[in-house]
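Heads up: the sequence lines are chains F and G, in that order.
Residue numbers for the first sequence follow our numbering, so the first one is 1 and each next one is one higher.
Residue numbers for the second sequence follow our numbering, so the first one is 1 and each next one is one higher.
Hints should not be assumed to be uniformly reliable.
[Claimed, not checked] Rough simulated footprint, nothing fancy, chain F against chain G, three-plus residues with beta-carbon under 8 angstroms:
#, segment
1, 146-152
2, 157-165
3, 205-213
4, 216-224
Keep in mind the hints are simulated off the structure, nothing from the lab.
Virtual Cβ for every residue (Gly too), placed ideally from N, Cα, C.
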Amino acid sequence: MTQALRCIDLSVRLGSWLALDRVGLVLPEGAFMTIVGPNGAGKTTLLKCLLGLVEPTGGRIELLGHAPLECPAAWLGYVPQLKTLDRSFPARAIELVATGVLGRWPGWLRGSARAAAQEALERVGMGERALRPISVLSGGELQRVYLARALARRPRLILLDEPAAGMDLAGEADMYAILEDYQSDAGATIVMVTHDWDAARHHSSHVLVLGRQQLAFGTPQEALSEAQLRQAFGHVGHRHDAARGQKGRGGHA
Amino acid sequence: MLEALTMPFVQYALMAGLMVGLLSAYFGVFVVQRGLSFMGNGLAHAAFGGVALALLAGWDHYLWVAMPYTIAVGLGIQYVQRRTRMSGDTVIGIFFAVSMALGIIFLSLRRDTSVDAWAVLFGDILAITAGDVWMAGGALATGVAALPMWRRWAYATFDPELAQADRLRVERDDYLLAGFLALTIVVAVKVVGIVLIAALLVIPPATARLLAPTFLAMTLLSMVLGLAGVLAGMAAAWHFDLPTGPAIILVQAGFFFLAAIARRRG
Chain F
1 MTQALRCIDL
11 SVRLGSWLAL
21 DRVGLVLPEG
31 AFMTIVGPNG
41 AGKTTLLKCL
51 LGLVEPTGGR
61 IELLGHAPLE
71 CPAAWLGYVP
81 QLKTLDRSFP
91 ARAIELVATG
101 VLGRWPGWLR
111 GSARAAAQEA
121 LERVGMGERA
131 LRPISVLSGG
141 ELQRVYLARA
151 LARRPRLILL
161 DEPAAGMDLA
171 GEADMYAILE
181 DYQSDAGATI
191 VMVTHDWDAA
201 RHHSSHVLVL
211 GRQQLAFGTP
221 QEALSEAQLR
231 QAFGHVGHRH
241 DAARGQKGRG
251 GHA
Chain G
1 MLEALTMPFV
11 QYALMAGLMV
21 GLLSAYFGVF
31 VVQRGLSFMG
41 NGLAHAAFGG
51 VALALLAGWD
61 HYLWVAMPYT
71 IAVGLGIQYV
81 QRRTRMSGDT
91 VIGIFFAVSM
101 ALGIIFLSLR
111 RDTSVDAWAV
121 LFGDILAITA
131 GDVWMAGGAL
141 ATGVAALPMW
151 RRWAYATFDP
161 ELAQADRLRV
171 ERDDYLLAGF
181 LALTIVVAVK
191 VVGIVLIAAL
201 LVIPPATARL
211 LAPTFLAMTL
221 LSMVLGLAGV
231 LAGMAAAWHF
241 DLPTGPAIIL
251 VQAGFFFLAA
261 IARRRG
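The following block holds chain G by itself, in its conformation from the complex:
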């Protein structure tokens, strides 16, 4: 494994994987605590629509199209939910279905593509390029710049009305959060693939929720678990010659079940 670290494609995979693991574990705490786990799936399928649109346009660097497309869908979900006052899962379900339908139509219109659909659906971490690493780095940098938002998002997660009564601009903050979630999901496409992204967003925060007494502890523990899951998952994938994305998800699920057992005994 150590000699593998000298290879550029492994270095890229590791760097992108760790950044995506950290980002998704961080933003995932708001997703889990707000009961929006379905949002991860909805945005992942929006990303699929974006990828398919890029392929239709003949652009193999599909993440540059998928990113604005997914962010637009994330903001659209927020907008429709606020205007119609329908439940989040209903609105997400509609956008989910529309994005999938569009993605399939886009793909059916263009068959001669050099991009492996399997890689888009299930991830191909070893195909990560330096450009992808820069993109993940950019997403991480904007995530770090948004760290002061944690206290506002946490307050609105606990009780949006209390936060609003304290003059927080909850609606604007929710749009921002949806944008960051979409960004995180797009950069995670290559690491775990569209099918498994939601798990990356949900499992580390859910595990942390089982163990942490405070929301700050939940956030920090989720990030540690996100990083540990990526490291251990990639090591397992390398050692046992498994697909990397599913290996990461299975390791994180293992952490979750251990935490559930530990909590039950505690």
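Chain F on its own, in the form it takes in the complex:
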């Protein structure tokens, strides 16, 4: 099976802060990997490394057989954290989705780019809200718009950073259904950062537990087993307890 992602001794230092320390993993194409861990564990940093936004200070990454910056942007669909969105920007939902098709901000949106953006919005149940300004959309609706943006280019690898933040339970279930649908349709690989360990257990084929170092990697049964969590965090409990345990060990909040 082709490798979607390969990290070899990947380390990232941000100033004096060691954000990632010798992460190593191989993920086959078509896998659904969730990345879990407490705040400051390096989850978003890892995602940004995969996108080529942060340069590793050690080791290397192969993304669909390429270095991150050499991997065609059209192969990657990215859903950023909602908190980075500038709601004051004058834009309609369909324009934001069109950036996924065009790789640029759209001017006059027409033709195939408009059709592809509209189709992607239909896919996430936002077709009727295509012309709404992003400033009036709810958090859950905006997450769907971002998801539509990522899917619009029919990527081979989707990277999501806490995509369920701001969604209600029904919206979250819809999101997983849309992602799994797309995955079975296109054979795409999914890499998702989440704080929801239950979702990681139920939806992913692989789980990476990060605490700046790679604490565990494998199937959900392996990576989230009682023994593994005990080894990683010193005790087993609710996911927030685990996060607190890590911070108590000197982790960065």
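Put chain G on the given structure of chain F with help from the hints.
Okay, now just chain G, sitting in the frame of chain F:
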């Protein structure tokens, strides 16, 4: 007013004013949407330093010195901000103060100048020469040549990380934008003066932002308002015998308040 249009100095004023109004309204949309309104002030005061340096060197065609000086400061602001990761307003504030301090020192070193400091500070659109019009025309031509950059700048304005993830060279594009802003500000010195340049850069885009549903509409509306503000401001200045730069700014501020009222009612 119509017979005034036959006079060369009025024609020069009108041409330079419209070109500067258009340029500043266009580049201003990125300034306003990126929350960099202070950048206009910072670069305007850098232009003051450049003008003062030209006067110290004994060169009355001060814009030819102010232009590279201001562009260098614009690029310097970008460079320091990226290297230190300090907030934009802090870095701009430092360059602003240094440029002003240098400008005052340069002026104090040379007192016998034929250039009216009042004109540099507050503009003197009726003193615009054919050379100034050519300079504004050159700036407009480079602005038109950079129109394909709009989609890249707009994307990076919305979210620089998304743009970078789509392989846009955001850092290089930001340097280019800073260079164009500096160029626009320098050519605007004679029209509205250093003190009021930032308003020319901020008010039309801010008005358009109140009314436009999309960034493209905001850009186009800002340009229309920039042109209309210059035309109406110059007409008002001529009719009521007012200084032209402040008249343009007050007309544009009038548009802004009307738009704010219209939006509140809407």
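* **Structure-inconsistent hints, enumerated in ascending order** => none
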